[in-house]
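K.L.:
Given the structure of chain A, go ahead and fit chain B onto it with the hints provided.
Taken in sequence, the protein lines are chains A and B. Residue numbering for the first sequence is 210 to 323, as defined by the working numbering. Residue numbering for the second sequence is 24 to 140, as defined by the working numbering.
Treat the hints as calculated values from the structure; they're not laboratory data. Don't take each hint at face value.
[What the hints assert, rightly or not] Some but not every residue of chain A turned toward chain B, in silico, with C-beta under 8 Å:
#, residue
1, P216
2, S227
3, L228
4, G237
5, Y241
6, K315
7, G316
[Unchecked claim] Facing chain A, according to a computed beta carbon distance under 7 Å, are these residues of chain B, among others:
#, residue
8, L106
9, A110
10, G132
[To be verified] To spell it out: a stretch of chain B is covered by chain A in this simulated footprint if at least three of its residues, at any positions, have a beta carbon under 8 Å from a beta carbon of chain A; those stretches are:
#, segment
11, 44 to 57
12, 67 to 74
Owing to the predicted nature of the structure, the values given are computational and were not obtained by experimental measurement. The beta-carbon is built from N, C-alpha and C at its ideal position, and this holds for glycine as well.
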Amino acid sequence: AQSVTQPDIHITVSEGASLELRCNYSYGATPYLFWYVQSPGQGLQLLLKYFSGDTLVQGIKGFEAEFKRSQSSFNLRKPSVHWSDAAEYFCAVGARSGNTPLVFGKGTRLSVIA
Amino acid sequence: ETGVTQSPTHLIKTRGQQVTLRCSSQSGHNTVSWYQQALGQGPQFIFQYYREEENGRGNFPPRFSGLQFPNYSSELNVNALELDDSALYLCASSLGTSGRMSTDTQYFGPGTRLTVL
Chain A
210 AQSVTQPDIH
220 ITVSEGASLE
230 LRCNYSYGAT
240 PYLFWYVQSP
250 GQGLQLLLKY
260 FSGDTLVQGI
270 KGFEAEFKRS
280 QSSFNLRKPS
290 VHWSDAAEYF
300 CAVGARSGNT
310 PLVFGKGTRL
320 SVIA
Chain B
24 ETGVTQSPTH
34 LIKTRGQQVT
44 LRCSSQSGHN
54 TVSWYQQALG
64 QGPQFIFQYY
74 REEENGRGNF
84 PPRFSGLQFP
94 NYSSELNVNA
104 LELDDSALYL
114 CASSLGTSGR
124 MSTDTQYFGP
134 GTRLTVL
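So that you can see chain A by itself, here it is in the shape it has in the complex:
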């Protein structure tokens, strides 16, 4: 079964600074990979996903993520953070074979300071 780890529980960055949120997965093959964002009082919104092809994936709101097979990672990046990016971010992994649901990490809470 697949699993996912988000090593950072909470990250604080200054507005305008760059951001990288880490995600490591465990799966026997190349999985499907997702990043979701959850703002307070709201459900999860899909930022981007990786199924195959180019390992650098562009998403909404200026986010991108890079799939690195050798490191079993799918880190989320943004070159310049805005105060509105403050939220909880979840990485999720899906299996390519069988019919199993997505497995979510525990999330990383992002705080943005002026």
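P.N.:
Just chain B, lined up with the frame of chain A:
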């Protein structure tokens, strides 16, 4: 286009009671998944309904049950509530084209916050 809606927003129950949570899927979507998100945790899959049939179930006891209606809206029922059932319950709808839970893009509702005292 109407997004995923859930009701109620908040709910307080006592141990042993039963609760029903409701979800209206996004227009055109035929699949609904339910997740439990405990405080400080990521969402955990409870089950999924595809065209009114259960399409998969996570590691939750039978007192968690569900239903999907012909209009693809859905209910989550929890019997004999326990304190650990306190959580945010999320509903997600998708257009099930592949029939596989890991590939169809899911659209989440805002959730129902359940508190069990």
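K.L.:
Give a verdict on every hint.
P.N.:
Quick rundown of the hints versus the structure:
| no. | hint | verdict |
| --- | --- | --- |
| 1 | P216 | violated, 14 Å |
| 2 | S227 | violated, 24 Å |
| 3 | L228 | violated, 19 Å |
| 4 | G237 | violated, 14 Å |
| 5 | Y241 | holds, 5 Å |
| 6 | K315 | holds, 5 Å |
| 7 | G316 | holds, 5 Å |
| 8 | L106 | violated, 21 Å |
| 9 | A110 | violated, 13 Å |
| 10 | G132 | holds, 5 Å |
| 11 | 44 to 57 | violated (count 1) |
| 12 | 67 to 74 | holds (count 3) |
The structure fails hints 1, 2, 3, 4, 8, 9 and 11 (numbered hints given earlier, in ascending order).
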